Each structure stands twice: as C-alpha cells, then as structure tokens.
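For the protein sequence lines, the chains are A and B, in the order given. Take the first sequence: its letter number 41 is residue 41 in the working numbering, and every next letter is one higher. Just add 232 to wherever you are in the second sequence, counting from 1, and you've got the working numbering.
Hints in this document: simulated from the structure, not taken from any laboratory. None of the values given here were measured: they were computed from a predicted structure. Ideal Cβ placement from N, Cα and C applies to all residues, glycine included. Any given hint might turn out to be false.
Sample of chain B residues at the chain A side, in silico, Cβ under 10 Å [to be verified]:
#1 ARG263
#2 VAL295
#3 ALA348
#4 MET410
#5 ILE435
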Amino acid sequence: MIVLLGVAVVILGFALKQNPLLVVAVAGIVTGLLGGLSPQQVIAAFGDGFASSRSVTIFVITLPVIGLLERYGLQQQARNLIGKLAGLTTGRFLTLYLFIRQITAALGLTNIGGPAQSVRPLVAPMAEGAAERRYGPLPERVREKIRSYSSSADTVGLFFGEDIFIAIGSILLITGFVNTTYGTHLEPLSLAIWAIPTAICAFVIHGYRMVSLDRWLARELDAAVAKRETVK
Amino acid sequence: MIKSEWFYWLIGAIFLVMAVQMLRDSTNPKRYGTAAFWGLLGLGFIYATWVVQKQAPAEPLGVAVLVMAVLGGFGLTGKGERRTTTSEQRDESARKLGSKLFIPALTIPVVAVVCATVLKGQTIGGQVILEKGSETILGLGFGAVAALVVGMLILRERRVATPINEGRSLLEAMGWAMLLPQMLATLGSLFSTAGVGEQVGKITANVLPSGQTYVAVAVYCIGMAVFTFVMGNAFAAFPVMTAAIGWPVLIQGAGGDPHVVLAVGMLAGFCGTLTTPMAANFNIVPATLLELKDQYGPIKAQIPTAIPLLACNIVIMSIFAF
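Go ahead and model the full structure; you've got the sequences and the hints to work with.
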C-alpha cells in the first residue's frame with residue numbers, strides 16, 4: 001500500500017501547482033525508494049527512463065524548418081488561404097482536420113500531424129483566421145480557446161484513429177501481453193476492427209463539439225462586433 | 233542500414249549547437265542555466281545510445297536528468313530576446329511568396345509517408361535501408377531535413393544559422409516543459425517496478441461485486457481511464473487492469489469476446505489520457521508550443537469529449553462482447 005504514496009505526491013504536487021518537473025522527480029524518487037530500490041538504482045532508473053523514451057522528443061527535429069517558415073510568414077499565409085474559403089467556419093474546419101487526422105492515423109501515418117508539425121504552423125492559424133474573417137480581431141480569451149480546440153482535434157484524431165491500424169504500438173502491446181501471459185493467440189487484425197465503433201463515436205462527439213464552437217464564437221463575438229459598429 | 237540512433241545523435245547535436253548559441257546570448261538573463269539545461273539534454277541524447285545498448289552505466293545519465301530537473305524546476309532557465317521578423321514583414325513576405333510557403337511544410341508529411349510505406353523493408357545489397365521498426369521515426373527525420381533544404385532554396389535563405397536560431401527561440405519558449413514527457417515515462421517505469429500497478433489492481437478487484445457482468449464492464453473501463461489518468465499512459469494501465477478484471481472476470485468468467493474486451497478496454501484508457509497533465513507530450517507540450525497562457529487549455533477542451541466517449545466504450549463493450 002505504501003508505494004501509493006508516490007501517486008499521492010503527484011496528485012498533491014499538481015494540485016498545489018508546483019513545478020511539474022520537480023513533482024515528477026520527487027514522486028519518482030519516493031516511489032523507487034519505497035519500492036525497495038537502492039538510491040543508486042533510482043538514479044539509474046532515471047537514466048534508463050530518459051534513454052528509452054527519447055522518441056517522444058523527436059518532434060524537435062521539425063522546429064528549425066517550422067521556425068524558418070514562420071519567419072517568412074507561413075502562419076499569415078495559412079490565414080490568407082482560409083480567408084478565401086468562405087464556407088469554412090472555425091468549427092467546420094476543425095471537424096475536417098479531425099477527420100483527416102483520424103483517417104491518416106488509421107492508415108498508420110501518425111507522424112504527419114502533431115503539435116509541432118501541423119497544429120502550430122497550420123491548423124491553429126487557419127482556425128483563428130476563419131474566426132477573424134467573420135468577427136475581426138479576436139480577444140485573447142477567444143484566441144486561447146480556438147488554439148486549445150485545435151490541439152484537441154489533433155490529439156483526439158490521433159488517439160481514436162491509430163488503433164485501427166494493426167501495426168501500432170497499442171495493438172501490438174495487447175497481443176504481446178495476452179499471448180505471452182495467457183498463452184492464447186489473438187490476431188492484431190481482429191482486434192483492430194473493434195477500434196472502429198469507438199472511432200466513429202469519437203468523431204461524432206468531438207466533431208459535434210467543434211461545430212458547437214461556432215455557436216460559442218457567435219454568442220461571444222456578435223456582441224463585440226455590434227459594439228464596435230456602434231462606436232464607428 | 234540507417235539506424236534510429238543516428239537520428240537521435242542529430243537531435244543531440246542540434247541541442248548542443250543551440251546550447252552554444254544560448255551561452256553567447258547576452259539578452260538572456262539566465263543564459264548559463266539555460267545553456268546548461270540544453271547542453272545536458274544534447275549530451276544525454278547521444279550518451280543514451282550506449283545506455284540503451286547496455287554498454288555504458290545509466291547512473292551518469294540519471295544524475296544529468298536530475299540536474300536538468302533542478303535547473304528547470306527552480307526557474308534557472310530562461311529565454312533571450314527573439315530576433316525575428318515583425319508581423320508586418322511577415323504579412324509582406326506572405327503576400328510575395330504566396331502558397332509556395334506551404335511546399336516545405338508539406339514536404340515533411342510526404343517524405344514521412346514515403347519512408348513509412350515505399351521504403352519500408354526495401355533492401356540494398358541484402359541490407360534493409362531503414363532500421364526495422366523505426367521507419368516512421370526516421371521518416372519524420374528525413375522529412376524535416378528535406379523540408380529544411382527545400383525551404384532554404386525556396387526562400388533563398390543562405391545562412392544555416394537562421395533556421396537554427398528560429399528553432400532555438402521556439403525551444404526556449406517551451407522551456408523545461410520539453411523534458412516533462414521523458415520524466416513522466418521514467419516515473420511510469422518506476423511505478424511499475426515498485427508495484428503501484430498491482431496495488432491499484434487489488435483495490436479495484438476488491439470493490440467489484442461478483443456475478444454482475446455489466447458492472448464489471450463499467451469497472452474495467454472506468455478503471456482503465458482512472459488508472460491512465462494517474463499514470464499518464466494507457467500502456468501502463470492495460471496489463472494491470474486486464475490481469476485484475478479484464479481477463480479473469482470478463483473473458484474467462486463471463487465468456488466475453490477477448491478481441492472486443494481488450495481493444496475497447498485500451499480505448500477506454502485513451503479517454504483517461506485525454507484528461508491528464510501526466511500525458512505531457514499530448515496535453516502540456518501543445519499548450520507551450522501554442523504559447524497558451526493556460527497550460528491546461530487543451531485538457532479543458534478534451535474533458536467534455538472524454539467523458540461521453542468513455543460511456544460509449546462501456547456500451548460498445550457491453551453490446552458486442554457478450
């Protein structure tokens with residue numbers, strides 16, 4: 001039971017808004033020591049953990065080219081492009097992106113999107129651009145919300161698309177775990193097809209919320225636009 | 233054969249070059265701490281190759297990671313002034329270049345797709361070109377390098393220092409949050425070595441009344457989501473919850489179809505991933521990359537989807553598995 005103290009450290013640390021790096025480091029040390037590791041083994045665990053998890057940091061490789069393109073106006077051009085597509089509201093655009101992200105992830109193409117590759121340089125500016133075309137300059141709070149929703153479209157699309165692809169980590173983890181532990185033989189393909197019903201639900205629910213964002217924007221900004229007009 | 237470790241060395245080298253730039257950047261009030269953080273990160277990326285292959289001790293890397301945590305955690309890192317174009321210059325440049333700007337950005341996914349599909353498993357002289365299992369990672373790397381070359385040609389940018397500088401500004405803006413996903417991965421493995429999983433599994437198995445299949449389905453799915461929320465990773469939750477409830481109660485006890493139970497169980501865990509700051513690479517890193525004031529913005533956008541979707545998973549499993 002006592003090893004659960006590490007979990008308590010994490011929850012408490014995040015709740016008290018302490019720096020997450022420190023919270024995680026302290027929780028790791030506490031858990032390791034309570035779990036019977038020697039201090040040296042705990043330090044080695046941090047080294048091993050870092051070494052084997054480097055793949056989550058590889059998006060850094062895209063930052064120089066993304067930064068270069070932003071310097072020359074990529075985000076502005078993304079806005080200009082969306083400005084020409086009159087029917088594409090913020091919500092509809094994000095629903096479309098959610099769909100594309102799900103389909104490509106289901107085909108195993110998980111790395112073509114992501115916060116660094118697509119959301120920051122293209123998706124978020126386009127989502128903002130669609131709202132700006134209609135309502136003019138956006139208040140900070142609205143901008144934050146549109147960016148958060150852009151990120152969520154990317155993440156939800158990835159999570160509930162990738163499991164349909166048979167060679168993805170989570171499907172292989174399932175077959176690897178049960179086939180070795182319980183001596184059965186499950187086929188990846190027959191598992192992957194059962195990810196489809198949830199994928200459809202995810203699209204319907206999150207897509208509905210993206211479209212609802214348009215209504216929220218209308219409520220939030222129509223008043224602001226009207227106010228500006230009267231001032232003129 | 234092109235190995236993924238080479239690609240990690242390239243990233244390590246980029247961090248090191250940026251660390252040197254940071255050291256010289258007198259506009260950064262905390263330049264020494266900043267340079268130390270990114271320098272250690274760069275060295276760690278390279279040294280880790282031998283740790284993974286068990287040819288070097290992991291302890292020095294562990295010490296480096298804890299030093300980075302201290303540097304980042306106590307606010308000893310900072311950022312310099314961003315020397316880049318103004319918003320007017322960007323508008324002007326966007327007008328001039330037009331949609332040509334999209335070509336390098338789209339080069340990344342195109343090359344990544346080619347590597348993951350066409351080049352995958354291809355051989356030259358009996359050797360595979362891309363290391364098996366690393367095709368998508370390598371694809372992203374090649375895509376980024378190719379995009380940089382294409383971008384510099386299209387934009388007629390001659391100085392390699394320009395993209396490195398721009399990339400460094402983006403990294404400095406993200407700051408210590410960069411290290412958080414890897415720290416959390418470490419915490420996850422410490423949790424499992426210390427037996428946190430078994431404990432949580434026992435607790436959940438104890439609250440489970442026997443004989444009620446649909447209650448067990450709900451406990452399995454909600455347990456996956458809650459456990460994932462705590463661990464930040466559905467992969468860590470899956471073996472534990474499946475050993476406690478999924479296999480013995482739902483599949484063996486109630487005769488559920490293992491394919492449905494396990495596939496949907498994993499997806500129930502993903503609903504937990506959507507809601508937790510512990511999954512920093514999906515939830516916190518985007519917030520910093522998008523320069524949001526509210527670090528929890530993406531999570532707040534995802535919670536109202538995660539909860540009904542979890543309910544959907546319970547219904548799907550109940551209908552199709554039995």
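Violated hints - listed by number, lowest first: Result: hint 1 breaks, nothing else.
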